[in-house]
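**Student:** Given chain A's structure and the hints, the job is docking chain L onto it.
If you read the protein sequences in the order shown, they are chains A and L.
The first sequence begins at 1 in the working numbering and counts up one residue at a time.
The second sequence begins at 1 in the working numbering and counts up one residue at a time.
Among the hints, a few may not be true.
Heads up, the list lumps identical chains together, so a pair's fine if it works in one copy or across two of them.
[What the hints assert, rightly or not] Calculated pairs, SDA-like style, for lysine to any residue (alpha carbon to alpha carbon, straight line, at most 20 Å):
1. Lys100 / Pro8
2. Lys41 / Asp69
3. Lys11 / Asp77
4. Lys100 / Arg121
5. Lys100 / Ser165
6. Lys220 / Gly82
7. Lys41 / Ser79
8. Lys220 / Leu209
9. Lys168 / Leu141
10. Lys11 / Glu80
11. Lys100 / Leu9
12. Lys100 / Gln177
13. Lys41 / Glu80
Please keep in mind that the hints were generated in silico from the structure rather than gathered at the bench.
There are 2 protein chains.
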Amino acid sequence: MLIVALDPLQKEDVINWSKEVVYGVRNLVTGFKIGMPLLIKVGISGCKKIFCDYSGLLIADLKLADIGDIMASVVRDLSEAGVNTVIAHAFVGRSGALDKLVGECEKLDVKVVLVVSMSHRGSEEFIDKHLSDFMELALSLNVWGVVAPATRLSVVRRVRELGGSRIKVLSPGIGAQGAQPGTAICAGADYEIVGRAITASSNPTAEALKVLSEQGRKVKECLGSH
Amino acid sequence: MLIVALDPLQKEDVINWSKEVVYGVRNLVTGFKIGMPLLIKVGISGCKKIFCDYSGLLIADLKLADIGDIMASVVRDLSEAGVNTVIAHAFVGRSGALDKLVGECEKLDVKVVLVVSMSHRGSEEFIDKHLSDFMELALSLNVWGVVAPATRLSVVRRVRELGGSRIKVLSPGIGAQGAQPGTAICAGADYEIVGRAITASSNPTAEALKVLSEQGRKVKECLGSH
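Okay, chain A solo, but in the shape it has when bound (with noise of 0.2 Å):
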């Protein structure tokens, strides 16, 4: 199960750039991940031309971590744009925040993963001293999904075992930063999110094929290790 993360923005038109990428992979991949780069430098109408007529997974990864009512606007605005999947962050809390970002989400269809833990090393500082808090908070709002870095698998392992199989576990850090694909998978996650390593290819469609297959080599692998 496969997410591409469209950054970093390789072109100046970034519009037709993304239209390139996902026409490229829309078939064999499961949905796509946009963030702030690409938001602001589009807006939600440039988003709208490059998702018009995607009915994929599509996720907009722009770590909210507002008040609520801030959040529940944002959220309006990307479900205009076809965006249907929001990353938040755990660490704002529930009351004022989450629980109101999580009705508008409720109205309006979209689901919403939460932000547990990250890849990078300052994620221990504060954000992975809460993770089994911020696994109850997101258990307790019945989110759709949670990320945890495909970087460091002791977390995606220690996330299924606090979430459970209901919850999704989605898992950046796959190729360029370093993760092999496959291994998140292989540690509980149930999409491996890929970026760069697609979306700076000159043939993305091979490269996705490719990404896909030793995914599935290495899932095949730990699957018959059990």
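**Tutor:** Okay, now just chain L, sitting in the frame of chain A:
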């Protein structure tokens, strides 16, 4: 010292509405704060149009909370649009996150402001528990300022106490969110941030003058009482 937050967006034509507010109050206030709802609606190019001839404090309040490379990339784009101050979350930590953001901002001559507490109740669930660590981090990163909510004056006082006199304290929540003009400055803030009370008014200029006058009266009062 007053900063106007350009939210919530009041009209469909966001660029012209923003320009009207900016022209109406620019000579009265220290600066403007723009948020994610505005930025994703009009993009970097729209932002340039609104602020093309403004040279005061222009704060992008995206509450950045990502890995360092992504935050640095966003700041490069914002800086092109005339933004000279960015707000990021202290909780993402230093290593691989805020260290890179601060480094990039130094190159671009952009000021960094860290969120160390927020106005919603959920801020107490995780964020507020780290208030003194966040202030220590802000001081050691030598950032320009921090955000503390005018709706909780005890937090503003504590932030000033921990931060000493060098660091700027920006305090949102004045007006529609309930705090009276001048109260945050009396508690130790440098700037009060007002949104709706001014931006939703049919006469932003008159409203800004009213807020400034109330602020002045209140500050005079509290200075007198010391």
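**Student:** Which of the listed hints are broken here?
**Tutor:** 5 and 6
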